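Hey, can you work out the whole structure from these sequences and the hints?
Number of protein chains: 2
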Amino acid sequence: MLDFEFYAPTKVVFGKNAESRVGELVQAQKCKKVLVHYGGNSAKASGLLDRIFRSLTERKIAYVSLGGVVPNPRLSKVYEGIGLCRKEDVDFILAVGGGSVIDSAKAISYGLSNPFDVWDLFMKKQNAQAFMPLGVVLTIAASGSEMSNSTVITNEDGWLKRGYNDDLSRPVFAVMNPELTYSLPPYQTASGCVDILMHTLERYFTPGDTFDMTDRIAEQLLRTVMENARILRAEPRNYKARAEIMWAGSLSHNGLTGCGASGDWVCHKLEHELGGLFDVAHGAGLAAVWGSWARYVYRTKPSRFAQFAVRVMDVPADADGEDALCLKGIEAMEAFFHEIGMPVNVAEMSIRLTDAQIEEMAKKAYEGSGTIYGFRKIEEEDMRRIYEMAR
Amino acid sequence: MLDFEFYAPTKVVFGKNAESRVGELVQAQKCKKVLVHYGGNSAKASGLLDRIFRSLTERKIAYVSLGGVVPNPRLSKVYEGIGLCRKEDVDFILAVGGGSVIDSAKAISYGLSNPFDVWDLFMKKQNAQAFMPLGVVLTIAASGSEMSNSTVITNEDGWLKRGYNDDLSRPVFAVMNPELTYSLPPYQTASGCVDILMHTLERYFTPGDTFDMTDRIAEQLLRTVMENARILRAEPRNYKARAEIMWAGSLSHNGLTGCGASGDWVCHKLEHELGGLFDVAHGAGLAAVWGSWARYVYRTKPSRFAQFAVRVMDVPADADGEDALCLKGIEAMEAFFHEIGMPVNVAEMSIRLTDAQIEEMAKKAYEGSGTIYGFRKIEEEDMRRIYEMAR
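So the protein lines, in turn, are chains A and B.
The opening residue of the first sequence carries number 7 in this note's numbering; numbering runs sequentially from there.
The opening residue of the second sequence carries number 7 in this note's numbering; numbering runs sequentially from there.
Hints are supplied without guarantee of correctness; some may be wrong.
As the list makes no split between identical chains, a pair holds if one copy fits it or if it spans any two.
[Unchecked claim] Simulated pairs of lysine-lysine, BS3-like, Cα-Cα distance not exceeding 25 Å:
(1) 307 - 246
(2) 369 - 17
(3) 36 - 17
These are computed hints drawn from the structure, not numbers from a lab.
Please read these numbers as outputs of a predicted model, since none were measured by experiment.
Next up, the structure:
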């Protein structure tokens, strides 16, 4: 096991009607003016935005709002937010939405607080020195961005989807009411569940020795998400299932499931190019590459995939040898993806990848990440091969 | 499941030689002068204190020090610390030790930051409004105080042992090097393990509906601690086992294992009186009352004790009915306590409780807590009976 740091300072307020406490939570930040940042029409149509505005007004907190964040959130919207906040002298950002909105809000905050173009962070040309405080009202269980130190933004110029991680960006509070996720369409719910699973899987598949405490939390989180994702197929308004998944989503990406391990993150890197080029749902894109990645790398340390098969996927340990055990674990996960309506390759997202597109994605992914020393060392050529397997 | 808040802002720096980063971590707090608070001679004799002083000096951080904190830390030492800090104009406290030292440091911080006698907090006469920031270098895995919002102090005037909980008191950082716990005597190591188990058990045994995500983390934490406590009986210098227990200790009491549940805490209340009167090791005192508490209450919700028996204690689910299952789970936990050298009743701590002492403890416990609405409603008479069962 490796030395580690764990830092998850976000105050979580979890439960029914939790959003009614937004005014109180923002007030505790002693800010002058809030940017309420949101996505499409659902937050408006559901009345959520109005409830939040009311909660702020009741506490006499001034605010401006900016909607229109799209999935795979765009750099242009970030610039728009930075401009608005400068003009309005905003000093606190409230993200009302899922990962796209939170990530857009994080990027706005970086842009407001640092003396360089915010995209320089994502191109690894600069490091952040400061961050304007951010709170979250979560409406989609998926990204874990409500407690994480990550943000991912897509630059329309070249359709580059790039991430930046810094503990500065962990939100000061996250309001989580599972009821707010009732209205998500099944595909988006399932895609969110895959994203949650992957935040733990990307930490779980690590080449070195691991920490039992971390492994066991990770394994139980994966089981909890899969069980409850199945329940939601039949009962999208099951409060407990929504709650289990929402909380698992935060724990999956706040660092807890990676303590003492180095992590992999290859699937995320590969998906970023799919997301950048084809605007696919993030979780669906992850599901589409995971099996191919797993088959490509599992022989590096079969014992790890065997442990996954037995402890997470309930493959009987006395299967036909370790290699078969690994493959059965991978197949079981893919069967689960299918069960909840997720793809296990790119074609199942109705995308016919050309050789040229694969070449382009591998090139861009490698430019973005360089050699990845994850579960197995991954170079540009490996990326190309995994895309080919996943096409 | 209940609504909940989760707030664990402590930055954890975990691993070998982690204490060398103390200077850097304190410097980030931008303080003028530090109180280094510690216990007995072991921190001195091991050279740890010198390493910490050196780390502070290298960063040109001024400090004063105050040792002499004893197990079941005393109010008189807290007053001494408050006086010293006022005189020396201290604005940051660094606790170097285990739960006793951290709790003493927390009480000093409360005393420095609030305009009333600090004991008023513990007598529930006042609420804290402020807290001087606190960092921790942990040397004993047990109390979880390095991430928790709790502190427990013993007032020698009447030997009252009382706790106070407030999120203000969560340390800003906790440095955890498992090697620092190598030299703990087996009895203290085992007592610490019981304390860790109990912080989760007190949350686990809750009468209402529970959260699967929380249950599963709790169950795996309990299993991890038990497995590694056994390893440490034979190999006290096993790094991985020390690390598993140290991290489990923090997770057990930072709130994670109680999300969505109401908790019980009766055993802690009962132990506080034993600790106050007889100065027993906290974990040992908890082990001495747990089985009696469990037998007294399990019929309130046998399904919960049955789940514990099966998932945590590996009792076969097809035992002779639910009642037998519950009792076998309790017996298995007591067998584990014995296995690691812990008592399962008060007599095994060489204390012969008189009727008058039981009467006195029940009275004081009830005065301190009132009726406890935990796994089962507990009044003074119930406390008396549990003490009698545990004597």
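Identical-chain pair category, residue 369 with residue 17, by Cα at 25 Å: Neither. Shortest intra-copy (40 Å) and inter-copy (37 Å) distances fail the 25 Å Cα cut-off.
Quick one: residue 36 to residue 17, C-alpha cut-off 25 Å, is that within a copy, between copies, both, or neither? So residue 36 and residue 17 pass the 25 Å test inside a copy (16 Å) and across (23 Å) alike.
Under a CA distance limit of 25 Å, which applies to residue 307 and residue 246: within one copy, between copies, both, or neither? between (36 Å within a copy, 21 Å between copies)
When held up to the earlier numbered hints, the structure conflicts with hint 2 and nothing else.
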